Amino acid sequence: MSSDFNFQHPPFDQLEPKQRDLVSSNLDIHYFQSQQKIVTAGALAADLFIVIKGQVEERADNNDEVFAHYTVEDWFDVRSQFGGYAKHDYIALEETLCYALPSQVFRQLVSENSDFGDYFQRDLATRHQLVESREGNKNLAEFILTTIDERNVQPAVVIEGETSLQQATLIMREQKLESLLVNHDGCFGMLTGTDLLHAAVLVQQSLDTPVCQLANFNLISVNKGDFLFNAMLLMTRNSIERVVVKDQQKIIGILEMAHLLSLFSTHSHVLALRIARASTIEELSEAAHTLNTLVENLCNNGIRTLFIMKLLATMNEQIISRVFELSIPQQHHNHICLMVMGSEGRGEQIVKTDQDNGLVIEDGYDWPEKQQQLNQFSEYLLELGYPPCPGNIMVNNTQWVQQQSQWSRTMAKWIETGHGDAMMNLAIVIDAHAIAGNKSLLRRLRKDLMAQMANRSVTLAFFAQPALKFHTPLTLFGNIKSKQAGLDIKKGGIFPIVHGVRALALEGSIAPTNTLERIEQLALLKVLDEDTAANLKEALLLFFKLRIQQLFPVDENQDYHVLKVDQLNHSQRDLLRHGLHVVKKFKQLLALHFNIRDY
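No gaps in the numbering here: position 309 of the sequence shown is 310 in the numbering used here, and each next residue is one more.
I should point out that these hints are in silico values taken from the structure, not numbers from a laboratory.
Note that the structure is predicted; figures quoted are calculated from it, not measured.
C-beta: ideal position from N, C-alpha, C; glycine also.
Incorrect hints may appear among the rest.
What the hints assert, rightly or not - Straight-line Cα separation of at most 27 Å, DSS-like style, residue types lysine-lysine; simulated pairs: (1) K586 <-> K565; (2) K88 <-> K586; (3) K470 <-> K492.
As the list claims (entries may be wrong) - Pair ranges (Cβ atoms, derived): (4) A277 <-> K586: 41 to 49 Å; (5) I172 <-> E384: 28 to 36 Å; (6) Q176 <-> E384: 20 to 28 Å; (7) Q331 <-> E284: 15 to 23 Å; (8) E163 <-> Q373: 47 to 55 Å; (9) N398 <-> G419: 19 to 27 Å; (10) D489 <-> D116: 33 to 41 Å; (11) K492 <-> E384: 29 to 37 Å; (12) E66 <-> N596: 20 to 28 Å; (13) T281 <-> G419: 45 to 53 Å; (14) P389 <-> D489: 21 to 29 Å; (15) V352 <-> R278: 23 to 31 Å.
Could you put together the complete structure from these sequences and hints?
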């Protein structure tokens with residue numbers, strides 16, 4: 002009987018009380034000396050082992066290949082519990098203690114508890130979704146328990162009742178508001194954009210009409226200190242989109258449904274409004290420097306990784322577009338296209354990254370102040386917390402600012418070179434995403450690039466080869482468990498997927514730049530089967546999520562590409578192992594697909 006077993010880690014947290022008692026009453030503790038064989042390949046399954054202390058290595062029976070390492074709260078050998086016989090040897094690397102759960106008890110739990118059994122039998126994609134669905138519930142709890150105060154209430158703009166319909170419309174437009182409060186003889190009413198539209202267009206009232214005739218004076222209110230969730234229920238029950246917020250009897254602001262829902266994702270909507278309203282680089286800087294805090298809050302509240310990346314990509318795009326508007330005069334915008342590249346171009350950022358941008362200029366367009374204004378653009382981004390690109394891939398570098406025909410010749414030269422820096426530059430441009438100016442200029446350029454790459458199997462093989470460059474770190478877990486070591490998840494997991502998918506997308510003339518969208522397109526084209534596509538997507542999201550979780554609190558001396566595996570919990574290590582196996586299989590697929598023989 003063991004009362005110390007940890008039932009808080011998935012999937013043991015899915016067991017019912019009687020099932021937990023069954024586990025506790027049947028657990029034994031086994032001791033193994035260093036280098037002692039715990040399970041022998043070919044042996045009949047007898048127990049599921051859970052590590053209490055020490056490390057265990059899974060290796061082929063010929064000792065030539067190591068598959069994985071297991072440490073505290075990891076379990077092995079699950080495969081034999083379903084297959085009957087062990088496929089590999091399991092050896093203690095040091096003095097090791099393990100719980101041993103008899104196989105017949107384990108199989109009984111699997112048959113009685115579908116959630117428990119599914120965790121062990123599902124593939125990576127389903128298993129990752131199972132873990133994320135549980136963690137996502139934290140966000141709802143946070144939202145329900147959040148109270149209304151000055152931090153999450155929008156200030157109310159009050160106008161007098163005699164203000165004309167036209168004047169009120171101008172105020173809403175200038176201040177980018179959806180509603181105003183109307184003060185008429187000491188009473189307050191609500192005036193919305195819908196009210197103004199109805200009066201001016203449908204009823205065709207005079208533009209001089211006083212707004213006191215249009216406002217709704219039957220206000221519904223909530224009190225400071227009440228729960229946000231209650232405010233949402235109040236709006237839903239009354240079929241309204243906003244309520245006033247009072248402190249005692251004094252109105253202190255307005256809570257709108259759109260704003261309330263944005264609070265569910267930690268003020269992202271408010272941040273977007275601050276970006277849009279910024280009229281100076283100083284105002285924009287205040288908004289930009291809150292992005293990392295936004296990501297941290299989203300992560301802490303259990304928001305899914307895909308949502309965080311999409312939100313951050315949108316926020317960064319809005320910020321950079323606004324910098325473009327503040328630094329490049331309007332008369333040039335229709336003749337140039339600002340493109341971002343790298344993770345920013347793919348929409349896969351988890352932090353504000355280096356400046357990776359370039360410019361496409363309309364053929365023959367004269368722009369005398371070009372260099373001065375582009376230098377100013379880069380300086381503004383630096384002020385906003387976007388450091389210079391180490392490779393100098395920025396618009397203040399003339400190599401990355403070219404007219405359309407020049408870009409076509411440059412890319413043709415890279416394609417003909419077919420290796421080295423030329424292929425790296427080609428990969429950078431393939432991920433380019435237009436965010437400001439005349440976006441059709443980049444679309445034409447991409448179309449030209451796809452045409453130039455048609456039927457170039459040798460060039461594509463050279464292009465794909467870097468995806469196979471870095472070793473998949475499945476056999477290095479023994480070293481990275483220590484506090485001083487780490488796993489470079491970018492080289493070992495993210496880059497092989499991103500670049501391999503990029504190569505397949507280039508071959509198939511696939512337009513999207515986002516890796517997840519490219520994977521979906523490749524599945525539709527039958528280049529990837531459905532299971533491979535699903536597991537690649539989930540593995541990539543897992544790697545991003547693990548990086549995000551280790552970003553906060555930020556250590557200035559820490560490379561955020563390095564994953565501290567010893568800080569991961571049992572489920573995360575289990576998912577990481579499966580994700581790296583997905584990467585290994587994908588690299589084998591790439592080598593076969595592009596006929597890369599040296600892999």
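Inset, instruction - Below or equal to 27 Å on CA atoms is what counts here, so check K88 against K586. - result: 18 Å, holds
Inset, instruction - Given the hint of 29 to 37 Å, check if K492 and E384 actually sit that far apart at their C-beta atoms. - result: 32 Å, holds
Inset, instruction - For the range 41 to 49 Å, tell me whether the beta carbons of A277 and K586 fit it or not. - result: 45 Å, holds
Inset, instruction - Mind checking the hinted window 21 to 29 Å against the Cβ distance between P389 and D489? - result: 23 Å, holds
Inset, instruction - Could you check the hint for me, namely that I172 and E384 are 28 to 36 Å apart, CB to CB? - result: Given a distance of about 31 Å, which is inside 28 to 36 Å, the answer is holds.
Inset, instruction - Look at the Cβ atoms of N398 and G419 and judge whether their distance stays inside 19 to 27 Å. - result: 24 Å, holds
Inset, instruction - Given the range 47 to 55 Å, decide if the beta-carbon distance of E163 to Q373 lies inside it. - result: With Cβ atoms ~50 Å apart, the hint holds.
Inset, instruction - Please test the hint of 33 to 41 Å on the beta carbon pair from D489 and D116. - result: Once the Cβ atoms are compared, 34 Å apart, the range 33 to 41 Å for D116 and D489 holds.
Legend entry - Consistency of beta-carbon spacing, G419 to T281, with hint 45 to 53 Å: Given a distance of about 47 Å, which is inside 45 to 53 Å, the answer is holds.
Inset, instruction - Please test the hint of 23 to 31 Å on the beta carbon pair from V352 and R278. - result: 24 Å, holds
Legend entry - Restraint check for K586 with K565, where alpha carbons must lie at most 27 Å apart: Holds: K586 and K565 sit about 24 Å apart, inside 27 Å.
Legend entry - Proposed proximity, K492 with K470 (alpha carbon, max 27 Å): Satisfied, since the Cα-Cα distance of roughly 9 Å is no more than 27 Å.
Comparing the model with each numbered hint stated earlier shows that all of them hold.
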